[in-house]
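Chemist: Protein chains in written order, with the UniProt record's numbering: chain A, 1 to 301; chain B, 1 to 367; chain C, 1 to 346.
Check before you lean on any hint, since a few could be wrong.
Here are some chain B residues pointing at chain C (derived, C-beta under 7 Å) [said to hold, decoys possible]: (1) Tyr264; (2) Arg285; (3) Pro361; (4) Arg362.
Rather than coming from a laboratory, the hints here were simulated on the basis of the structure. All residues carry an ideal CB built from backbone N, CA and C; glycine is no exception.
Listed below, chain by chain, are the residues.
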Amino acid sequence: MKYSLFGNGKVTFGVVVLGFFVLLALVGPWITGSVLGLDARTNDISAISAPPSAEHPLGTTQFGQDVLAQVIEGARGSMFVGFLGAIIGTAISVLIGVPAGYFGGTTGNLLNFLTNLFLVMPVLPLIFVIAGYLQGTGLVMIAFIIGVFGWAGGARTLRAQAMSVSNRDFVQAMRMLGESNTRLIFSEVLPHLYGWIASMFLGGLIGAVMAEAGLAFLGVSDSSAISWGTMIQAAQQQSAVLRGLWWWFVPPGLCIALVGTAAALINFGVDELANPKLRSVSRRVVKRTAAHRIAVASEGA
Amino acid sequence: MTATTGATGPAAAATGAVETSARHDRNRDRKRSGRRKGAFLARRLGFYLVAGWSAITLNFVIPRLMPGDPSAAIIDQLERVSGQALPPATLVSIQGLFGNPDDSLFEQYIAYLGQLARFDLGLSIVNFPVPVAELVAAGLPWTLLLVGTTTVLSFILGTALGVAAGWRAGSRFDAILTPLTTFLSSVPYFWVALLALWLFGFLWGWFPLSGGYDPNLVIAFEPAFIGSVLQYGILPAATIVFSAFGGWMLGMRNMTVTTVREDYVLLAQAKGLSPARVRWRYAARNAMLPQFTGFAMALGGVVGGALLTEIVFSYPGIGYLLFSALQKRDYPVMQGVFLLVTLTVLLANLIADSVYVWLDPRVREEK
Amino acid sequence: MTTTALTARNDAARPVGSDTVLDVDGLCVEYAGAGEPVRACTDVTFALRRGEILGIVGESGSGKSTLITALTRLQRPPAVTTAGRVLFHPQDGEEPVDLVRLTPRKLRALRWTSLSIVLQSAMDALNPVMRLGAQFVDALREHDRSMSHTAAWEEARRLLGLVGISADRARSYPHELSGGMRQRATIALALACRPELVVMDEPTTAVDVVMQRQILAQVLRLRREFGFAVVFVTHDLSLLLELADRIAVMYAGRIVELASATDVYRTPMHPYTRGLRDSFPPLHAPVTRLEGIPGSPPDLRALPSGCPFADRCPAVMERCRTELPLLEPHGGRSVACHLHDEGIRP
Numbered sequence: 001m002k003y004s005l006f007g008n009g010k011v012t013f014g015v016v017v018l019g020f021f022v023l024l025a026l027v028g029p030w031i032t033g034s035v036l037g038l039d040a041r042t043n044d045i046s047a048i049s050a051p052p053s054a055e056h057p058l059g060t061t062q063f064g065q066d067v068l069a070q071v072i073e074g075a076r077g078s079m080f081v082g083f084l085g086a087i088i089g090t091a092i093s094v095l096i097g098v099p100a101g102y103f104g105g106t107t108g109n110l111l112n113f114l115t116n117l118f119l120v121m122p123v124l125p126l127i128f129v130i131a132g133y134l135q136g137t138g139l140v141m142i143a144f145i146i147g148v149f150g151w152a153g154g155a156r157t158l159r160a161q162a163m164s165v166s167n168r169d170f171v172q173a174m175r176m177l178g179e180s181n182t183r184l185i186f187s188e189v190l191p192h193l194y195g196w197i198a199s200m201f202l203g204g205l206i207g208a209v210m211a212e213a214g215l216a217f218l219g220v221s222d223s224s225a226i227s228w229g230t231m232i233q234a235a236q237q238q239s240a241v242l243r244g245l246w247w248w249f250v251p252p253g254l255c256i257a258l259v260g261t262a263a264a265l266i267n268f269g270v271d272e273l274a275n276p277k278l279r280s281v282s283r284r285v286v287k288r289t290a291a292h293r294i295a296v297a298s299e300g301a
Numbered sequence: 001m002t003a004t005t006g007a008t009g010p011a012a013a014a015t016g017a018v019e020t021s022a023r024h025d026r027n028r029d030r031k032r033s034g035r036r037k038g039a040f041l042a043r044r045l046g047f048y049l050v051a052g053w054s055a056i057t058l059n060f061v062i063p064r065l066m067p068g069d070p071s072a073a074i075i076d077q078l079e080r081v082s083g084q085a086l087p088p089a090t091l092v093s094i095q096g097l098f099g100n101p102d103d104s105l106f107e108q109y110i111a112y113l114g115q116l117a118r119f120d121l122g123l124s125i126v127n128f129p130v131p132v133a134e135l136v137a138a139g140l141p142w143t144l145l146l147v148g149t150t151t152v153l154s155f156i157l158g159t160a161l162g163v164a165a166g167w168r169a170g171s172r173f174d175a176i177l178t179p180l181t182t183f184l185s186s187v188p189y190f191w192v193a194l195l196a197l198w199l200f201g202f203l204w205g206w207f208p209l210s211g212g213y214d215p216n217l218v219i220a221f222e223p224a225f226i227g228s229v230l231q232y233g234i235l236p237a238a239t240i241v242f243s244a245f246g247g248w249m250l251g252m253r254n255m256t257v258t259t260v261r262e263d264y265v266l267l268a269q270a271k272g273l274s275p276a277r278v279r280w281r282y283a284a285r286n287a288m289l290p291q292f293t294g295f296a297m298a299l300g301g302v303v304g305g306a307l308l309t310e311i312v313f314s315y316p317g318i319g320y321l322l323f324s325a326l327q328k329r330d331y332p333v334m335q336g337v338f339l340l341v342t343l344t345v346l347l348a349n350l351i352a353d354s355v356y357v358w359l360d361p362r363v364r365e366e367k
Numbered sequence: 001m002t003t004t005a006l007t008a009r010n011d012a013a014r015p016v017g018s019d020t021v022l023d024v025d026g027l028c029v030e031y032a033g034a035g036e037p038v039r040a041c042t043d044v045t046f047a048l049r050r051g052e053i054l055g056i057v058g059e060s061g062s063g064k065s066t067l068i069t070a071l072t073r074l075q076r077p078p079a080v081t082t083a084g085r086v087l088f089h090p091q092d093g094e095e096p097v098d099l100v101r102l103t104p105r106k107l108r109a110l111r112w113t114s115l116s117i118v119l120q121s122a123m124d125a126l127n128p129v130m131r132l133g134a135q136f137v138d139a140l141r142e143h144d145r146s147m148s149h150t151a152a153w154e155e156a157r158r159l160l161g162l163v164g165i166s167a168d169r170a171r172s173y174p175h176e177l178s179g180g181m182r183q184r185a186t187i188a189l190a191l192a193c194r195p196e197l198v199v200m201d202e203p204t205t206a207v208d209v210v211m212q213r214q215i216l217a218q219v220l221r222l223r224r225e226f227g228f229a230v231v232f233v234t235h236d237l238s239l240l241l242e243l244a245d246r247i248a249v250m251y252a253g254r255i256v257e258l259a260s261a262t263d264v265y266r267t268p269m270h271p272y273t274r275g276l277r278d279s280f281p282p283l284h285a286p287v288t289r290l291e292g293i294p295g296s297p298p299d300l301r302a303l304p305s306g307c308p309f310a311d312r313c314p315a316v317m318e319r320c321r322t323e324l325p326l327l328e329p330h331g332g333r334s335v336a337c338h339l340h341d342e343g344i345r346p
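Next comes chain A alone, as it looks inside the complex (with noise of 0.2 Å):
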């Protein structure tokens, strides 16, 4: 399984990818201080809008603010945001998902409806007029407000999940014996869920960005705070993108897009090891196979 996993051309650039950003976030504003001698704050009068240059690598900003340590600071408040959103996120999913499927009957009809309610739901909007009233608010209680509304699909998915495993011979007949529900449902359902939910996980993490990017492009977000969605929000009231100023607003988008890229290529390449059709169409497998038949075909003629 590891093996496989890891021999998996997407996963394992997934990983590196995703990896590189977590250790930016953890310890790039230090390098960016230290190592570099830049920080995202400082203005530099002299470079006003410079392009990149030896000095300003991404150039700077209209307040002679640096890119590239901006990127790297907004690396920190964008992953952030986007792990405790998704933490949250998967969280309530759990919570509601698993007994949605684990419990029939009244009790999981009433989860059941409660997901399809929030799933229908458009939530980007609500999320941004609740931002809204709370304009000004932190990063914690922006990723509080992702987390909350965006659980319903990962509940979903829980839900048929929990239920296809409950219905499972065996755990048909723990609950014969009388084994008690809680226990049934944390020894012998979750984990069976596990790879779901950290798949859940890393599209709650991109959801999480992505919500957080859309909040501060709207202007609802921590004013004081740097992420990489404040980069392209303050680009854009600034007119960057009528004065040419691509490098102000070019690499943040690219980090989202990345991470974004990172996440799904993992959740492909895991969905390829538990879904032996989609594994049979890898590239690797049609070449060879194509290999054999040109070598049939010319043997024939």
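Chain A is fixed; fit chains B and C onto it per the hints.
Modeler: Just chains B and C now, kept in the frame of chain A:
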């Protein structure tokens, strides 16, 4: 269609009685399956009614749960903007929407529902004294046009590409397109919009930089204006499609890979049907079904992303309205936009559900 | 080379018209997945006469399903036919064609009109979103462009009547039919274009015993009526003893014994065949102790150099460990076992 003509065939003539009872059966079957579909739709309709009610109630609860007193803040701001005390009717309207410290929650709720029934969403603070309903009504057609067309286009594009990639999974086409799309679907909408605006609007000057139509024209249903709407709309629409088709494509690709391995596709091939028929009538037709059950989740993301795209292009829709409302804490507009967007999305989901019923004869009670 | 070997005896089991419809020679199928390619079928050789029912029996993993998809050229990556021929002889005396090397276009024209298939699970084999009749109609009209829409629907209803399904069911969707009905419908579907050969992949595993008998009786009746040949794959030897004219026993990707049904029942030559025969109760004899076959089938990725059955064989000899026995003619039948090599008598 042909079944009815078939009943008059030579075989039927010989066994008239049997045939009559068979026709009876058929009618009964059709009625039964029709009833089942009807029951399913009725249940879905019921669900969306409850969801709509929840959205309306959420709209009532949110301002009352927020710290501070939005109602007082709004009145305060309105008085400052207008420079005079508000007329009592306006006061009642605002308190009905955002909270009234003197009434019980229940009384407030009843009053609130009554106001909604009269489409009274309060007055905008920024554009005092324009009613919110009017602002929202002005923006809605633009957003519907933009989001509606882009949703349909990205769905079609994503589904078609997904079938192509999934059908020849592992081919070079798939090996290049699928990771690329994974990347594209991870790119924030508004960033793509900024990039497109910079490249096509600023650098190359192919498209106008902002707005939804040429401001020198009068809004009217005539060729010049429609042409200008198209000219201004292409870039925003293209960026939304660009960001949104990836999700549809990846879903469709994986479903196609799974469906292609189903026995009925194998049998279709064994029957010697043309590859196009096998691919579309058998594989894609079935692989498409989950696209509709996942519609709700996808649509929420597209709408959110489209709202942000509107901001980049200063497109005169709901998103831009929401943006300016958020900037200036125009709570009545915020709430109005939220309510409208939510109800519209719910309606779209109901439509997607109905299409699903029509596409899948096995209308399932529970997924 | 093999046709002569196989056409000698079995007179009782042989139906009218004794010319060959299918001639399989040295067919090899590999799975080219990750790692070393795995051989699922090795050197499969047999001939099928017009109107004959050939049963192929084997445990799961013996390569019988792989063989079916290779015969009909329906296999998907990573399965690849790496060697051999599958010669199909059309009825009208045209040149035989090699299904393995036929161009896709020609193959498509041949499908269903000459060669059709019944899959294991009818539930999965019918398109859930198409009416039953429509799934007949598209096959009928694909191969007969002149057939009108109305005529095709009429034909679909007639075909359903052949297997005892009332004509009005043509308008139903697959999920509205019972399991037995669906299975019978797929058999009717396979006969839509009057093929000369129908390949059946365990078509009775998904239905109950009563329905199983009905379906088998129907297959025999329809075969009498239309004269098509059948390759019938199953893991259930008892079923083949009643249905098939000849039986091929597969083990680890090879045919280990090929003989008439009577011979397989009365005098199985391969120890594996004997094991299979003894592992179900005889229908018309006093109940005796049942003998299973100890052990499990070998791993196809690591086949022993000798006989793959050696580890489970009650009559294993020194030679079996080192030398692979090949399928050799043996008085009108064939067997791949060192016990029956010249000079050795059990």
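Chemist: For which of the previously enumerated hints does the structure constitute a violation, in increasing order of number?
Modeler: As far as the earlier hints go, not one is violated by this structure.
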